[in-house]
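Q: One-letter residues, chain by chain:
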Amino acid sequence: MIILNKKIKTLSENLSNIDPVKGRSLWHDARIRFFKNKAALTSLFLLICVLLFTFIGPIFAQWSNEEIDWSVLGDISTLGYPSIESGHYFGTDELGRDLYSRVIQGTKISLMVGIVGALIAVTVGTIYGSIAGYFGGRIDSVMMRIVDILMSIPYMFVLILLLVIFGRSILMLFVGIGLVSWLDMARIVRGQTLSIKKKEYVEAAITIGVNHFVIIRRHIIPNLLGVVAVYATLLVPGMILTESFISFLGLGVQEPNTSWGALISEGAGTMRYGTLWQLLFPLFFFVISLFSLFFIGDGLRDALDPKDR
Amino acid sequence: MLEINNLNINFDTPEGVVKAVNDVSFKLDKNQNLAIVGESGSGKTQLVYSILGLLDKNANVNGEIIYNNINLLNLKEYELNKIRSKRISIIFQDPMTSLNPYMRIKNQMNEILIHHLGSTNVEATKESLHMLDAVKINDAKNILNCYPHELSGGMRQRVMIAMSIICKPEIIIADEPTTSLDVTVQSQIIDLFNEITKEFNSSLILITHNMGIISTSCDSIMVMYGGKIMELGDINEVLNNPLHPYTKGLLETVPNIEENYEELKTIKGDPLNMINIPSGCVFRTRCPNPSHNCKEGNTVNKLIEKTPNHWVDQCCVNCI
Amino acid sequence: MSNKYLLSVKKLSVEYKSNNSFIFPWEKKRIVKAVSNISFNLNEGKTLGIVGETGCGKSTIAKAIVNIIKIKSGNIYWRDKNITNLSEKLMKEHRKEIQMIFQDPLASLNPRMNVGEIISEPLITHFPDMTREKIQHKVKELMINVGLLPNQINRYPHEFSGGQCQRIGIARALILNPKLIICDEPVSALDVSIQGQVINLLKSLQKKYKLTYIFITHDLSIAKHMSDNIMVLYFGKIVEMGEKNKIFNQPQHQYTKKLISSIPKLKI
Numbered sequence: 001m002i003i004l005n006k007k008i009k010t011l012s013e014n015l016s017n018i019d020p021v022k023g024r025s026l027w028h029d030a031r032i033r034f035f036k037n038k039a040a041l042t043s044l045f046l047l048i049c050v051l052l053f054t055f056i057g058p059i060f061a062q063w064s065n066e067e068i069d070w071s072v073l074g075d076i077s078t079l080g081y082p083s084i085e086s087g088h089y090f091g092t093d094e095l096g097r098d099l100y101s102r103v104i105q106g107t108k109i110s111l112m113v114g115i116v117g118a119l120i121a122v123t124v125g126t127i128y129g130s131i132a133g134y135f136g137g138r139i140d141s142v143m144m145r146i147v148d149i150l151m152s153i154p155y156m157f158v159l160i161l162l163l164v165i166f167g168r169s170i171l172m173l174f175v176g177i178g179l180v181s182w183l184d185m186a187r188i189v190r191g192q193t194l195s196i197k198k199k200e201y202v203e204a205a206i207t208i209g210v211n212h213f214v215i216i217r218r219h220i221i222p223n224l225l226g227v228v229a230v231y232a233t234l235l236v237p238g239m240i241l242t243e244s245f246i247s248f249l250g251l252g253v254q255e256p257n258t259s260w261g262a263l264i265s266e267g268a269g270t271m272r273y274g275t276l277w278q279l280l281f282p283l284f285f286f287v288i289s290l291f292s293l294f295f296i297g298d299g300l301r302d303a304l305d306p307k308d309r
Numbered sequence: 310m311l312e313i314n315n316l317n318i319n320f321d322t323p324e325g326v327v328k329a330v331n332d333v334s335f336k337l338d339k340n341q342n343l344a345i346v347g348e349s350g351s352g353k354t355q356l357v358y359s360i361l362g363l364l365d366k367n368a369n370v371n372g373e374i375i376y377n378n379i380n381l382l383n384l385k386e387y388e389l390n391k392i393r394s395k396r397i398s399i400i401f402q403d404p405m406t407s408l409n410p411y412m413r414i415k416n417q418m419n420e421i422l423i424h425h426l427g428s429t430n431v432e433a434t435k436e437s438l439h440m441l442d443a444v445k446i447n448d449a450k451n452i453l454n455c456y457p458h459e460l461s462g463g464m465r466q467r468v469m470i471a472m473s474i475i476c477k478p479e480i481i482i483a484d485e486p487t488t489s490l491d492v493t494v495q496s497q498i499i500d501l502f503n504e505i506t507k508e509f510n511s512s513l514i515l516i517t518h519n520m521g522i523i524s525t526s527c528d529s530i531m532v533m534y535g536g537k538i539m540e541l542g543d544i545n546e547v548l549n550n551p552l553h554p555y556t557k558g559l560l561e562t563v564p565n566i567e568e569n570y571e572e573l574k575t576i577k578g579d580p581l582n583m584i585n586i587p588s589g590c591v592f593r594t595r596c597p598n599p600s601h602n603c604k605e606g607n608t609v610n611k612l613i614e615k616t617p618n619h620w621v622d623q624c625c626v627n628c629i
Numbered sequence: 630m631s632n633k634y635l636l637s638v639k640k641l642s643v644e645y646k647s648n649n650s651f652i653f654p655w656e657k658k659r660i661v662k663a664v665s666n667i668s669f670n671l672n673e674g675k676t677l678g679i680v681g682e683t684g685c686g687k688s689t690i691a692k693a694i695v696n697i698i699k700i701k702s703g704n705i706y707w708r709d710k711n712i713t714n715l716s717e718k719l720m721k722e723h724r725k726e727i728q729m730i731f732q733d734p735l736a737s738l739n740p741r742m743n744v745g746e747i748i749s750e751p752l753i754t755h756f757p758d759m760t761r762e763k764i765q766h767k768v769k770e771l772m773i774n775v776g777l778l779p780n781q782i783n784r785y786p787h788e789f790s791g792g793q794c795q796r797i798g799i800a801r802a803l804i805l806n807p808k809l810i811i812c813d814e815p816v817s818a819l820d821v822s823i824q825g826q827v828i829n830l831l832k833s834l835q836k837k838y839k840l841t842y843i844f845i846t847h848d849l850s851i852a853k854h855m856s857d858n859i860m861v862l863y864f865g866k867i868v869e870m871g872e873k874n875k876i877f878n879q880p881q882h883q884y885t886k887k888l889i890s891s892i893p894k895l896k897i
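Protein chains in written order, with the numbering used here: chain V, 1 to 309; chain G, 310 to 629; chain X, 630 to 897.
Among the hints, erroneous ones may be present.
Below, in silico cross-link-like pairs of lysine-lysine (PhoX-like), each with a Cα-Cα straight-line distance of 20 Å or less [as the list claims (entries may be wrong)]:
(1) K767/X to K699/X
(2) K699/X to K718/X
(3) K662/X to K699/X
(4) K557/G to K894/X
(5) K477/G to K415/G
(6) K557/G to K615/G
(7) K395/G to K415/G
(8) K633/X to K839/X
(9) K699/X to K197/V
(10) K710/X to K640/X
(11) K339/G to K366/G
(12) K198/V to K699/X
(13) K894/X to K574/G
(14) K646/X to K718/X
(15) K198/V to K646/X
(16) K808/X to K633/X
(17) K574/G to K646/X
(18) K199/V to K699/X
(19) K646/X to K197/V
(20) K336/G to K615/G
Stretches of chain X that chain G covers, calculated by requiring three or more beta carbons in the stretch to come under 8 Å of a beta carbon on chain G [stated by the list, open to error]:
(21) 755–764
(22) 788–799
(23) 815–828
(24) 878–889
No lab work stands behind these hints, which were simulated from the structure alone.
Glycine included, C-beta positions come from ideal geometry on N, C-alpha and C.
Could you put the whole structure together from the sequences, leaning on the hints where they help?
A: What follows is the structure, given as C-alpha cells:
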C-alpha cells in the first residue's frame, strides 16, 4: 500500500483542514469519577464554604478581633453569650474579645499553615524523590540516607526547641513543620519513580535522546501526580493537627494572632465556667475541615485508582 | 453433555453497557474437543468464565448453561464449587500469574485433592506426583517442593495442566494456554493436551487465536466475533471450506512458511470496541464485500446450517 | 575499515548482576551473561531478522545498540564511528539516525500525553527552534503516512486500539528521518488480523524511506517475510546466521531445525 507523494500532500491538506477531535485525557476521566462520589463532592462543598467564610465573614463582623468589649467583662457566662443583637454572633472569649472575628482569624491561619505547608512538602518532596529514584545508584543512596537521618530525629522535640529558642512566630512554625513534612513525600515519590522508570515509554524517551531532567519533568512527574495528590490531601490535616497541638501547648502562634489550636485550648480551659460556646465554635470548624479533607482524599484515591495505570 | 442456549452476558461499566456475549448457543458432546477462535473483544473468555461462574460482579447473564441436565447459572456458590476443578476445570492464559507465588507447588496441588476428594496430605502428594509424571515433568519430586518463580514458563504451564486434570474432570477448558509460551514449548503442550484428553476421556475446550495449533488437536471449531458466533462446525470441514469472510481472513493471515509473499493478507479495520457495537451485522465494518443492506445496518446476525454440521452466520453468507 | 556497512557489531557482550536467592546482602551477586560474543554487519536498506525464544537476549542486543544499557565488552560501529558506551551528549547526534519501535504498543506511550505531543517529542528535542505550525504540519503528515486520521491528534493513547497505538509508535520513530529502525517484537502483542496490517505498513515504509531494519521476533513466519538475513539466537549466543532462504531451506544447526519444525502448520 504505497501512497504516492503527491497524493499524500493533497490528502494531508484536505485532512488537515478538518477540526481536530477533542481528546479525553486521564485527568478528565478521574474528574468525572470524583464528581460521581457524593461524599467527596459534599466535603468539597463544605470546605469551599469554610474558605468563603474566611473571606466574606469579616464583612458582617461588628467587632474586630482585638477589641475588648468592656461591657461584658466580669460576667462573661451571661453577658458574653452568643447573640445577634450584641454583635457577638459567636459570643466572646474570656477577655471579652469577639469570638466570631477570632474564629475567622484562626481559620485563616490554620488553613494557611496546612495548605502552604502541604504545598512546600509536595514540591520539595516530589523533586527530591523523583531525582533520587530516577538516577539511582550512589546519588539515590546518599539522598535517601539523608532522608532517613532527618526522619529519625524526634521532630516534635526539635520543633518545640526551635520555637523556644527563636521565639514564637508564624515563620518559625513554617520552618519547623516544613523541615519534616517533605520526608514522607520524598520516600513515596522515590518508590513510585522506581516503578515508572522501568516503563517502556521512559525507555522510548531515552532512545529519542531526551535530556534526563526533561524526562523527569515530562514523563515521570505527571504519572506520579495521582499518588501525590492523594497524599497531599492527607498531609494538610496532618499539618493542621501538628500546628494545633503546638498551639494547644501554648507554643504556637503569638497573640493577638490565633489559630484553631489556641482557641480550642482557651475554650477547653474555661469549660467549667459554663462558657461552652468558646470551645464549640472553633471545634466545629476544626472538625468540619478535617473531615472534609479526609473525605476528599478518599474520593481522590478512588477517582485516580486503578484504571489510570 | 454441555449445552449452552441463548447466552447473553452484559457488563455495567461507567462508560456504558458492554455486550460481551450476544445470543450464543452451542453443544459439546462427550470426548469432543472444541476450539473457540476469536480476537480480543470477541467474548470467548467471558463465555467460558460464565460456565464456571468466574465473571465479575457487574456482569448480567441471561440464558442457559446446561451441564448434565443441571443449569449452572442457577446454582449457588457452594454447589458450583463442587463442580469447579472436579468436573469442569480451567487452565488460565498466563502461567506467570495463575500460580500463588507464596505457596510451594506441592501445597497448591494438594489443596485441590484435599478439598474435593477429602484426601490426606500423604495421599494427595502421591497423586500429585503421579500427575506431574503424566504431564511429562522429569524431576517431579524436586519440582513439588519448588516455588513457582523457580520454574520456567513452560514448566509452570505444565503444572497448571497437571492441576487441572488432577480430579479427572469431564471438561477441561484451556484459555489461550500457549500464547505466552515459546514456539518449541507450544507444540509440546499441544501434544500433551492430545494425550491427556485421550487418556482421561475428557473433552477439551481450547480457546486461541492461533489457527495453526487447533488443526491437530480439535474436532470442531467455533469462530467468534463481537460476541457472536460467526461459524461453527467440524474442523476439517471449516478449515478446508470456510464459508465466513472472517474465518477466511483469519486463515489467510497465517503466513505459510513455505511460500513467499509480497504483502501479508490482512482483515481491514480494527477489532470492535465492545461499548459501541455497530447496528446490524457486527462484522460489517471489516467485511471485504458487504452488501448494500448490510452496510446500512439493516441485517441481523443469525446462525443457519448451510451444510450438515456446518453452521454459519446468515448475513455474511449472503454478502459473499 | 571500509565504509560499506551501516552498522557493525563486533563481539558484543552484555552482563548484568542478579540477586541471589539468599537474603544476605554481602553474598556475591550472580553474573548473568545476557548476550556473549555477538558479531554481525548490516548493509543499508536491508533487514536483519533476529529470532529466538524468550530470554535469549534479542531485546538486550536492541537496547545495547541504542545505548540504553551498558555494554560489558565489544564494539558497535555506526558508519565506522565507534559508538560503544558513548556519553549521552555525544550519543544525541546519532539518536536522530537510530530509532526503536517497542513491543507493547500501549505501554510505550506516555498515558498523560496526547498523540500530537508524543509524535512531536523527538522534533522538539532535536530541533527546539522549530515553529509550532511546522511541527503540527509534520506530525499530521506522518499520521497520514502510517494510516491514522490527522484529526485524532488531540486524542490520548487509551482511546486507541492496539494496532493504532503501534502506528503512533511507528510515526514517532519515523519523524526524525532515521536511517536504522530497530523493531523489538512490534506485532507480538497485537491480534493476528492486525499483525498483517502493521507488517505491511513497515514494509511499505521501508521501501518509501529507504530504511534499514533490525527486526526482532519469535515468530519465524513473520521473520521470513520481513528479513533479508536471519540471525538465530539461543541463550545469548548466535547459533546460526545467514541469508533467509538458506536458513529456512537448509538449516544447519540443531536448534534452528527444531525451531522450524515446531511451527504449527495448518492441515489443509
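Q: Which hint numbers doesn't this structure obey?
A: 1, 11, 14, 17, 21
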